[in-house]
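Participant: Input sequences plus hints: build the corresponding full structure.
Each residue of the sequence shown is one higher than the one before, starting from 0 at the first, in numbering that gives the first Met the number 0.
Calculated from the structure, these hints are not laboratory results. Don't take every hint at face value.
Unchecked claim - The list that follows gives simulated cross-link-like pairs (lysine-lysine, DSS-like), each with its CA atoms no further than 27 Å apart:
#1 88 - 45
#2 94 - 84
#3 27 - 40
#4 84 - 61
#5 72 - 61
#6 61 - 77
#7 43 - 88
#8 73 - 84
#9 61 - 45
#10 31 - 72
#11 43 - 31
#12 77 - 88
#13 43 - 84
#14 45 - 31
#15 77 - 31
#16 73 - 88
#17 73 - 61
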Amino acid sequence: MAENLTNRLIEISGRLQTATTRYTDVAKQAEKLLAENKRLKEEKEKMQGEIRMLREEVFLLKASLDPMEDKDKKEFQKIINEYLKTIDKCISILKN
0 MAENLTNRLI EISGRLQTAT TRYTDVAKQA EKLLAENKRL KEEKEKMQGE
50 IRMLREEVFL LKASLDPMED KDKKEFQKII NEYLKTIDKC ISILKN
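Facilitator: Laid out in structure tokens, this is it:
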């Protein structure tokens, strides 16, 4: 009976060690995936910013080449107003 209990304890100990090892591996993998997720989100934000800038640049180039329609003029004014707001914010920050 004591030998049976000893064998059972050894078996349980082995299973516990295996479970602990698996848990550690999964935790490390989760940490790596979280870091990769963060990196990819930052890269996505950067790319979206670049896309926005390039779209604005294309719009401005088109505006300089062709006469603008009313719709395009309004969009152009909107972009210019956004630039002016950003510049005003920067000036305000620099004054403080």
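Participant: Residue 73 and residue 88 were given as a pair; does the straight-line alpha-carbon distance stay at or below 27 Å?
Facilitator: At roughly 22 Å apart (the allowed maximum being 27 Å), residue 88 and residue 73 satisfy the hint.
Participant: For the pair supplied as a hint, residue 27 and residue 40, is the alpha-carbon distance within the 27 Å limit?
Facilitator: 20 Å, holds
Participant: Against the 27 Å threshold, does the CA-CA distance of residue 72 and residue 61 hold or violate the hint?
Facilitator: With Cα atoms ~11 Å apart, residue 72 and residue 61 stay inside 27 Å; holds.
Participant: Mind checking the alpha carbons of residue 31 and residue 72 for me, to see if they're no more than 27 Å apart?
Facilitator: 48 Å, violated
Participant: Hinted pair, alpha-carbon criterion (27 Å max): residue 61, residue 77. Please report holds or violated.
Facilitator: 16 Å, holds
Participant: Given the hint that residue 73 pairs with residue 61, test it: the Cα-Cα distance must not exceed 27 Å.
Facilitator: With a Cα-Cα distance of about 14 Å, the restraint between residue 73 and residue 61 holds, given a limit of 27 Å.
Participant: Would the pair residue 77 and residue 31 pass a check requiring their Cα atoms to be no farther apart than 27 Å?
Facilitator: 42 Å, violated
Participant: Does the alpha-carbon distance linking residue 77 and residue 88 stay inside the 27 Å limit?
Facilitator: Answer holds: residue 77 to residue 88 is near 17 Å, not above 27 Å.
Participant: Check whether the Cα positions of residue 43 and residue 88 lie no farther apart than 27 Å.
Facilitator: 26 Å, holds
Participant: With the threshold set at 27 Å, check whether the alpha-carbon distance from residue 84 to residue 61 stays at or below it.
Facilitator: 23 Å, holds
Participant: Does the alpha-carbon distance linking residue 43 and residue 31 stay inside the 27 Å limit?
Facilitator: 18 Å, holds
Participant: CA of residue 43 to CA of residue 84, is that 27 Å or under?
Facilitator: Cα-Cα ~25 Å, so holds.
The structure fails hints 10, 15 (numbered hints given earlier, in ascending order).
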